[in-house]
Amino acid sequence: MSWFNARRRRPVAGYAALLLGLVVVGLVYGAFSRTSGIAQASSPAPSQSDINTGKNLFDATCSSCHGLDAQGTTQAPSLVGAGAAAVDFQMSTGRMPAKEVGAENNSGPTMFSAQKIYEIADYVASLGGGPAIPDAQQVSTAGADTALGEELFSANCAQCHGFAGAGGALTYGKDAPPLTQATPTQIYEAMLTGPEAMPVFADGSISPAAKRDIIAYIVDTRVEPNAGGFSLGRTGPITEGLVIFLGGMGFLVIIALWITAKRRDPRPTGME
Amino acid sequence: MSDKEETEGSEGPVAPRRVIGTPPPTPRLLGSTAVAEGGHGGQVSDETGRGEHIGGEIPTHPVDEAHAKRVEKIVAACFIFAFISGCGFIAAYVGFEVGSNRLGAGDSVVDAALRSNLALGTSLAVTLIALGLGALLWVRHLMPDVEVVEERHELRSDPKDRQAFEQYFKEGASNSQFVKRPLVRRTLMLGTLPLLAAPVVLLRDLGPLPGTSLRHTVWSPGRRLLVFGTDTPITSAEFSVPGSAITIVPEGYADDADALTKATVTLIKFRPGELDIPTTMTGSTLIGTMNWTVDNIVAYSRICTHVGCPVGLYEQTTHHLLCPCHQSTFNAAKGAEVIFGPAPRPLPQLPITVDAQGYLVAKSDFTQPVGPSFWERG
Chain A
1 MSWFNARRRR PVAGYAALLL GLVVVGLVYG AFSRTSGIAQ ASSPAPSQSD INTGKNLFDA
61 TCSSCHGLDA QGTTQAPSLV GAGAAAVDFQ MSTGRMPAKE VGAENNSGPT MFSAQKIYEI
121 ADYVASLGGG PAIPDAQQVS TAGADTALGE ELFSANCAQC HGFAGAGGAL TYGKDAPPLT
181 QATPTQIYEA MLTGPEAMPV FADGSISPAA KRDIIAYIVD TRVEPNAGGF SLGRTGPITE
241 GLVIFLGGMG FLVIIALWIT AKRRDPRPTG ME
Chain S
1 MSDKEETEGS EGPVAPRRVI GTPPPTPRLL GSTAVAEGGH GGQVSDETGR GEHIGGEIPT
61 HPVDEAHAKR VEKIVAACFI FAFISGCGFI AAYVGFEVGS NRLGAGDSVV DAALRSNLAL
121 GTSLAVTLIA LGLGALLWVR HLMPDVEVVE ERHELRSDPK DRQAFEQYFK EGASNSQFVK
181 RPLVRRTLML GTLPLLAAPV VLLRDLGPLP GTSLRHTVWS PGRRLLVFGT DTPITSAEFS
241 VPGSAITIVP EGYADDADAL TKATVTLIKF RPGELDIPTT MTGSTLIGTM NWTVDNIVAY
301 SRICTHVGCP VGLYEQTTHH LLCPCHQSTF NAAKGAEVIF GPAPRPLPQL PITVDAQGYL
361 VAKSDFTQPV GPSFWERG
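If you're matching them up, the sequences are chains A and S in order. Per the working numbering, the very first residue in the first sequence carries number 1; after that it's consecutive. Per the working numbering, the very first residue in the second sequence carries number 1; after that it's consecutive.
Calculated directly from the structure, the hints in this document are not laboratory data. Treat the hints with care, since some could be wrong.
[What the hints assert, rightly or not] Far from chain S, by Cβ distances over 10 angstroms, these chain A residues were calculated:
hint	residue
1	19
2	21
3	49
4	69
5	95
6	112
7	156
8	198
9	225
10	235
11	243
12	250
13	258
[Unchecked claim] Cut-off 30 angstroms, straight-line C-alpha distance, at most; resulting in silico cross-link-like pairs (DSSO-like, lysine-lysine):
hint	chain 1	residue 1	chain 2	residue 2
14	A	262	S	69
15	A	55	A	99
16	A	262	S	73
17	S	160	S	180
18	A	174	S	334
Glycine included, each C-beta is placed from N, C-alpha and C at the ideal position.
When you get a sec, could you build the whole thing from the sequences and use the hints?
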């Protein structure tokens with residue numbers, strides 16, 4: 001303790017305290033930042049009882065914004081024709097039910113079990129049709145052409161989601177989410193329905209086989225190890241530049257200051 | 001502090017100790033003038049500045065020998081540590097295999113390279129840092145902290161040498177007959193003249209001038225729009241969901257990277273009533289009109305009119321096309337007019353129509369140059 005006390009008032013103590021504070025804040029943030037991971041099974045065929053249960057659930061949770069007949073209100077669009085795939089995507093990623101009307105809805109923990117989501121999806125699909133939830137075979141990546149998936153992803157997806165699917169910024173407060181947690185079904189549904197600001201990639205423009213190729217690329221890329229060890233968020237030059245300029249250059253500047261600092265000679269008379 | 005001043009004789013205001021980066025407040029005595037002082041011997045004082053050499057010899061060893069011995073041990077430890085990690089560097093190079101034919105089953109090349117890089121980089125960094133640390137501690141704690149001024153003398157040679165050289169040069173010039181014989185002098189200059197002109201001729205050969213190639217792309221009437229990647233043509237019925245967007249390349253040039261740098265197109269589908277392209281002219285060039293759309297499907301050039309990055313980011317809800325390089329934002333519902341950013345003009349619109357089989361084809365080439373704008377465009 002006397003070692004600590006003797007050095008408490010030195011200038012370097014200030015730097016050490018700042019560094020400690022940064023580390024503590026970083027650890028606390030990392031421990032409390034939320035994550036979301038959703039498992040998905042294939043949906044069973046809709047029955048009338050499913051649709052009725054779905055209607056009850058819809059009336060209870062969704063109708064306040066989307067209207068009792070899903071016709072839409074000023075706060076939320078009509079869901080007639082949106083299809084089961086859109087409902088499954090939005091609810092399984094936790095974007096719906098939306099907590100507030102904002103620039104966009106972010107993914108989060110789901111409020112409903114998969115079974116309940118399928119029931120609501122069946123009800124919404126019964127209102128006006130629309131894209132159906134893809135089954136397991138449609139999203140299976142066996143035999144997919146990952147290289148073609150990379151070409152398609154780079155041309156149509158990378159400008160919003162980043163080249164490694166790490167997400168990116170859009171205009172006016174929106175952002176394209178990272179693709180690290182999405183299941184193949186969710187990726188397929190997102191391409192099919194075009195949620196929020198994302199454009200629609202219907203089966204006419206990107207065929208189901210091409211969608212599988214893109215899913216194969218996304219799934220392969222996110223498990224690929226980072227060649228340098230630490231990904232720095234996989235956003236490329238932005239984070240890399242930040243680390244080099246703040247971390248690397250800062251370290252070099254501190255070393256340069258130390259090299260040229262006035263030397264502290266020890267006093268034989270013990271004046272320290 | 002005050003008794004220190006009395007014993008050593010005050011040389012000026014007392015400087016603060018241990019503030020990083022503070023320059024010394026008093027001027028230092030120069031080595032040459034200190035010889036005259038003589039009296040104080042080789043004392044080192046840091047109270048008045050960064051240690052002055054106040055006469056006599058430069059001290060050969062530090063004041064506090066015990067402290068120096070402690071630091072010596074630390075420096076030695078640093079160097080021994082550097083030796084160990086240097087050996088570790090060589091061991092890492094020999095030990096970590098990265099060739100794909102030397103890896104075990106199930107081990108990926110990326111993983112192997114990762115491990116090898118980590119080992120090599122860490123050991124090398126530790127070696128160099130340990131060497132540097134040891135050297136710094138050596139200088140700061142084992143060496144006397146004085147400033148010594150090295151004498152500088154005039155660089156100019158003395159007049160005797162200069163005169164001798166002048167004479168020598170003149171003798172040489174006259175011996176070479178260069179001045180006396182104009183024929184060889186002039187023919188020498190003539191002989192070297194083409195070599196001097198050569199750079200001008202070589203530089204003149206740099207690349208052909210663009211001519212009118214900037215004004216045209218490979219799009220032509222009847223050329224089909226192909227989906228990039230799958231290279232399949234597309235009909236209006238296949239592209240019927242409002243809010244769709246896709247990357248388009250011209251038929252026949254899907255793999256021609258040179259052509260694609262100007263000819264890539266973004267195809268966007270709107271709901272009825274959303275699309276409102278004014279019929280605009282610039283000078284005599286028609287640059288946008290609703291006649292160039294098919295069933296509310298519109299085609300814009302994908303090459304930004306600012307510096308030429310691909311404008312791929314399309315937001316379905318706001319109809320914004322955003323270029324990632326400098327954030328030029330275009331309103332796709334209104335003829336890709338610029339609503340933000342440094343782009344000077346809207347994205348050129350490709351006139352499209354439908355051919356006999358129902359596929360989307362170009363009506364003609366773009367009516368204005370695509371890509372970065374230039375003065376002579378109009």
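- Query: Which numbered conditions among the earlier hints are violated in the structure presented, ordered from lowest to highest?
  - Reply: 7, 8, 9, 13
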